[in-house]
Amino acid sequence: MVEPVLQISNLVKNFGALRATDGVTLDLRPGEIHALIGPNGAGKSTLIHQICGTLRQDSGSIRFAGQDIGSLGVADRARLGLGRTFQVSSIAPDFSGLRNVMLAVQAKQGSSFRFFKPVMRDMSLINTAMAMLERVGLTARARIPAAELSHGERRQLEIAMALALGSKAFLLDEPMAGMGPEGSKSLTRFLDTLRQEAPILLVEHDMDAVFALADRISVLVYGRIIATGTVEEIRRDPTVRTAYLGDHA
Amino acid sequence: MILTRENLINFILAAMLLAVPFAANALGQPFYSTLATRIAILALAATGLNLALGLGGLVSFGHAAFFGIGGYVAGILAAHAFSGDPLLFGLSGSKQMWVIWIVAVIVSGLVGLAIGAISLRTSGVYFIMITLAFAQMVYYFAISWPAYGGEDGLSILVRNQFPGVNTMRPLTFFLICYVVLLLALSLFALIRASRFGTALQAARQNEVRVATVGIQPYRIRLTGFAISAAVTGLAGALFADLNRFVSPSMLSWHMSGELIVLIILGGTGRLFGPLAGAALYVIFEFALGGLTERWQFFLGLILLVVVLFARGGLLGLLAGKAKHG
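The listed protein sequences derive, respectively, from chains A and B.
Counting in this note's numbering, the first sequence runs from 1 upward without gaps.
Counting in this note's numbering, the second sequence runs from 1001 upward without gaps.
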């Protein structure tokens, strides 16, 4: 078997008496889209926070790209190649989309302690960033302040930043949220090609997108993974049907 | 440089400030040179704070500490040079401005690094309070240190020297301060446009985003804070030479507040915001202060209007919204 890019083992996180993450074991293999689904309050966000490093697990381990990242901070995990997008898009609103992506490019180069060369005349930085924006289809809107971009465009911008980091895995937190039907469709097509770049852990409520994209699905309920399998296996799983899918399947 | 409206306004502001002491000289009114010098030095101090506050979003309520430390460096070095007593490790004092400046920049930068290292672990109101607390510690330290005047402060008997010129001439001293201000503004502009400036401004706008691309916001902010402290410290050294006097009042929280007010009046994060703000402040102080002792009441009203209706300060009114690239 191929070594997984991301391997989460027996992860536990308690908030007081509430066990928000209850022995979660999950892996992400090269080239796949692994969808994480579950009802509201199942602990998806808590799990993501632990993977990214904003929350520290109580026990269990997280391995990424061959090393234990369970005790690293957010920035260190990002530098190892964990590319992330947020449920509510997270961008620098005053900067143009271009300068947002340029921030990611300079971070990738590890060159944020340069004080004198103007970035807007740094063609290597600009060209790399523009190439990323082109891949997500934002070229025409590159110079507009990010605050003025539409919801869908901000999502594309976040993905461009994750691409610029040369991410070894993408962690996408509800990318379809708030997108219109057209936006969802084009984003689904885009993610379908993105998996060749790096595997994707996709947290998503939009079942059409999940069923269209996922190689495997894990179902999280009350902090536990109750099932992991292919789309067909999950659709047929009786516990999943009662716990979550209902009439969707 | 592209001729935008903001650049034009900046140029006019710089030219106006330069014109004042020459006019004062021609009219035989050296007092106005002193006023212009005061504007230049306060603008320099606020330019330092503008790096932390304007670019980094770090509302430091303790920059008087750096301003005062710069002032005391000038005062102490000059006092030792005058008396001939060695200072530390057998090193003597100095009457040379450029020596004083280098020492002021290094000392205030290092103190900024130490204060920042602790303060930047907090944010929001806590950051404001902890920077205030550090500045008050320095203030009370200066008051209770009799060797350098304690509460009474320390006089600089003769203004320190700069090679080749007579610094006692008001116009000459103004020009020195003016050139230092222009250099600091250039540094600000360079940093703002650089990779470091990009990260610093991004950390102000969205800390999580900066961490998510793999940059630690703490290191970026700490570096920015130390540079900011160093520039404000340099201004303090010049301020001491302007008044030929250093006292704990340079370290008091009023001074920290004044620097924040200057920036808000002029335009937070704008290159020439500090200069516009300092000019407004000193003109108010002079014009209103001549009419009433309670001029700060009216300054308060103006500040209220700016905060409520003109968030971008004077430069926001004149040049429109800031552009960030």
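Incorrect hints may appear among the rest.
[As the list claims (entries may be wrong)] Which stretches of chain B does chain A cover? Using the computed rule of at least three CB atoms under 8 Å from a CB of chain A, they are:
id, stretch
1, 1196 to 1204
2, 1210 to 1217
[What the hints assert, rightly or not] Below, in silico cross-link-like pairs of lysine to aspartate or glutamate (DMTMM-like), each with a Cα-Cα straight-line distance of 20 Å or less:
id, chain 1, residue 1, chain 2, residue 2
3, B, Lys1323, A, Asp206
4, A, Lys185, A, Asp206
5, A, Lys108, B, Glu1151
Because the hints were derived from the structure by calculation, they are not lab data.
Where a beta carbon is used, it is the ideal one built from N, C-alpha and C, also for glycine.
*Report the numbers of all earlier hints that the structure fails to satisfy, in ascending order.*
Per hint list: 3, 5 violated.
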